[in-house]
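Chemist: Please build the complete structure, drawing on both the sequences and the hints.
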Amino acid sequence: MPSKWLVLSINIFLLAALAICVVWSLCVGKYPITPLESLQILYANIFGLAAPTDQMAENVVMGLRLPRIMAAVVIGAALSMSGATYQGIFKNPLVSPDFLGVSSGACIGAAIAILMALSGTGIQIFAFCGGLLAVTITVAIPRLLKSDSNIMLVLSGIIVGGLMASLLGLLKYIADPETQLASIVYWQMGSLSYVNLPTLGSVLPAIIISTIVILSMSWWIDVISLGERDAQTLGVNVRWTRNVAILCSTLLTASAVCVAGTIGWLGLVIPHFARMLVGPENTRLLPAAALVGGIFLLVVDTAARTVGSSELPLSILTGIIGAPFFAWLLYRRRMNLH
Amino acid sequence: MIYEINNLGFTYPQTDRSILNDVSLTLAEGSILSILGPNGAGKSTLLNCMVGLLTPTCGEIKLFGQDLGTMTFREIAQVVGYVQQVHTPAYGYTVLHFVTMGRAPRIPMFGRPGEADKKAAWDALEVLEITHLAHKSYTEISGGEMQKAVIARAMVQEPKVILFDEPTAHLDSGNQLRVLNIIRDMAERGYSVVMTTHNPDHALLLGGEVAVLSRDGHLQTGPVNEIITEQLLLEIYNTRLCLIPVPELLRVACLPPRLDQGGQGSQGRMKALRLVKPVARERID
Numbered sequence: 040m041p042s043k044w045l046v047l048s049i050n051i052f053l054l055a056a057l058a059i060c061v062v063w064s065l066c067v068g069k070y071p072i073t074p075l076e077s078l079q080i081l082y083a084n085i086f087g088l089a090a091p092t093d094q095m096a097e098n099v100v101m102g103l104r105l106p107r108i109m110a111a112v113v114i115g116a117a118l119s120m121s122g123a124t125y126q127g128i129f130k131n132p133l134v135s136p137d138f139l140g141v142s143s144g145a146c147i148g149a150a151i152a153i154l155m156a157l158s159g160t161g162i163q164i165f166a167f168c169g170g171l172l173a174v175t176i177t178v179a180i181p182r183l184l185k186s187d188s189n190i191m192l193v194l195s196g197i198i199v200g201g202l203m204a205s206l207l208g209l210l211k212y213i214a215d216p217e218t219q220l221a222s223i224v225y226w227q228m229g230s231l232s233y234v235n236l237p238t239l240g241s242v243l244p245a246i247i248i249s250t251i252v253i254l255s256m257s258w259w260i261d262v263i264s265l266g267e268r269d270a271q272t273l274g275v276n277v278r279w280t281r282n283v284a285i286l287c288s289t290l291l292t293a294s295a296v297c298v299a300g301t302i303g304w305l306g307l308v309i310p311h312f313a314r315m316l317v318g319p320e321n322t323r324l325l326p327a328a329a330l331v332g333g334i335f336l337l338v339v340d341t342a343a344r345t346v347g348s349s350e351l352p353l354s355i356l357t358g359i360i361g362a363p364f365f366a367w368l369l370y371r372r373r374m375n376l377h
Numbered sequence: 012m013i014y015e016i017n018n019l020g021f022t023y024p025q026t027d028r029s030i031l032n033d034v035s036l037t038l039a040e041g042s043i044l045s046i047l048g049p050n051g052a053g054k055s056t057l058l059n060c061m062v063g064l065l066t067p068t069c070g071e072i073k074l075f076g077q078d079l080g081t082m083t084f085r086e087i088a089q090v091v092g093y094v095q096q097v098h099t100p101a102y103g104y105t106v107l108h109f110v111t112m113g114r115a116p117r118i119p120m121f122g123r124p125g126e127a128d129k130k131a132a133w134d135a136l137e138v139l140e141i142t143h144l145a146h147k148s149y150t151e152i153s154g155g156e157m158q159k160a161v162i163a164r165a166m167v168q169e170p171k172v173i174l175f176d177e178p179t180a181h182l183d184s185g186n187q188l189r190v191l192n193i194i195r196d197m198a199e200r201g202y203s204v205v206m207t208t209h210n211p212d213h214a215l216l217l218g219g220e221v222a223v224l225s226r227d228g229h230l231q232t233g234p235v236n237e238i239i240t241e242q243l244l245l246e247i248y249n250t251r252l253c254l255i256p257v258p259e260l261l262r263v264a265c266l267p268p269r270l271d272q273g274g275q276g277s278q279g280r281m282k283a284l285r286l287v288k289p290v291a292r293e294r295i296d
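Those protein sequence lines, which keep their order, are chains Y and G. Residue 314 in our numbering sits at position 275 of the first sequence; the count goes up by one each step and never skips. Residue 294 in our numbering sits at position 283 of the second sequence; the count goes up by one each step and never skips.
For the record, the hints were derived by calculation from the structure and aren't laboratory data. Be careful, since some hints might not be right.
[Unchecked claim] Dumping the calculated DSS-like pairs for lysine-lysine here, alpha-carbon to alpha-carbon at most 30 Å:
#1 Y:Lys130 - G:Lys147
#2 G:Lys130 - G:Lys171
#3 G:Lys130 - Y:Lys43
[As the list claims (entries may be wrong)] Label-pair ranges, simulated between beta-carbon atoms:
#4 Y:Phe52 - G:Gly122: 24 to 32 Å
#5 G:Gln242 - Y:Thr175: 53 to 61 Å
#6 Y:Asn276 - G:Thr232: 30 to 38 Å
#7 Y:Leu133 - G:His146: 40 to 48 Å
Think of the CB as a built atom: it goes at the ideal place given N, C-alpha and C, for glycine as much as any other residue.
Modeler: Next up, the structure:
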């Protein structure tokens, strides 16, 4: 278990790494800019000065790259925290934000909106509602069966996820292959290419509030992760605490999904990596996971828009990086146990 | 009175078998109570009812005069510590962090443990002599050490009574005695102690009161030396156990007689055992 000071220095290091990645991401792309130039543009805009460089560079940095960078960091952080929280309250390290059916539900919502030929905002609203609806069903099934156990909730998540996947298949089947199908598939794979400041701004309040709540109850997530009976005999109102945590992490996931589509692996793998850095205590894990997740999605998204001639969907990259990485983590964990 | 339990009955839903039947029990402050009974008689069920994890089918439980059903988990946890059977959690928190979680009933919701809470946890580690484990991962310590950590966690709750559910299960002989010593110490420190056990000798060692749950879920209570008789042990366990005064130990011990003699099967088994050479097992931890 790393000491307090080591954890602090790890967090400072992560912050520095994030800053470097932001500057790097500002510079690279189809219109390359030097790091100095990009910092000058940032500085000038923050303090309301006249930009010292050409208008084109300023437009690229402020209009295109900065909003996208902010979205990548916020969404990466949101998905990672949501994953860490789910893993804590379901005392199961193999749980991810997708498993309550949030992502697939949001996908259905977005696909319906696309089939109805709605605009960007319409798609987001539908995605958000779809995600929340799926979670409501997932949480309602154990309630109907009068069971309060975690395993029932996980099974219920699998049921809802499977149902949603079939429904999505149906929607894709009836979608117009020329226009709508590509749009649904692209959305299902996740991308930040259509993100702008108003879109991000519309989900930011939900993300900020959920983050504050989750961070302030992080110690209690530790207690719940001991198991329901242990937590109850320690005086915790497990049902209430767990529902608040589920609500907040679902809001985080749904907000992320409705901006960027579904991004796989991130919410599962990043908490594990952060746990390796700072230990399993959620008071330390959640901030570290947020930082690592932000860095990771920023790097992946920057790669997605610079590698190759056309943009790659994010889930392809997160999957290609995430799956082997997860295998490596499991391997390492096994080694540590012996 | 800490606990007043009257005419308690418990039947698991979807089964007709009643586990507890007309159970009445009182627990005074500073007392020790061992609960004996055959497998499945409902010892753990009784403890689970006493902390509100299970709701009894009938009867009432009063904790410091208040009906347990009207109390929140938090209110119960402030006066009752429950040492459940050890299980390995999903995450390897440090022992210190694990023990600090015992402060949960005294920390406001959305709060975090402060320095005083960590001090209390450290003090509990000192009492149980496991400070050297403080920064070790809870998932990597031995069963006996885990049991001590769970007891330390119950101590930092600062309860009036601590319930132990088979605290000696899965422990080697040395650790069993160490845990019994700890339980006796706890009683001397002013905690009331309730313990379920499969070993009647542990009840004799601990002294105090004993409660015996019969197969049909009835309970009889009284002082250890009055209640535990060879006749009663035969009824509980369906097998003969002897109560022998051992002058060297200055106590009465509960001992089994010699194992069945003469059976061809058992002799064959003994021979087979002798044939197996002891092999030094490699440590797998």
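Chemist: Which earlier hints turn out false for this structure, listed by number in ascending order?
Modeler: Violated: hint 7 alone.
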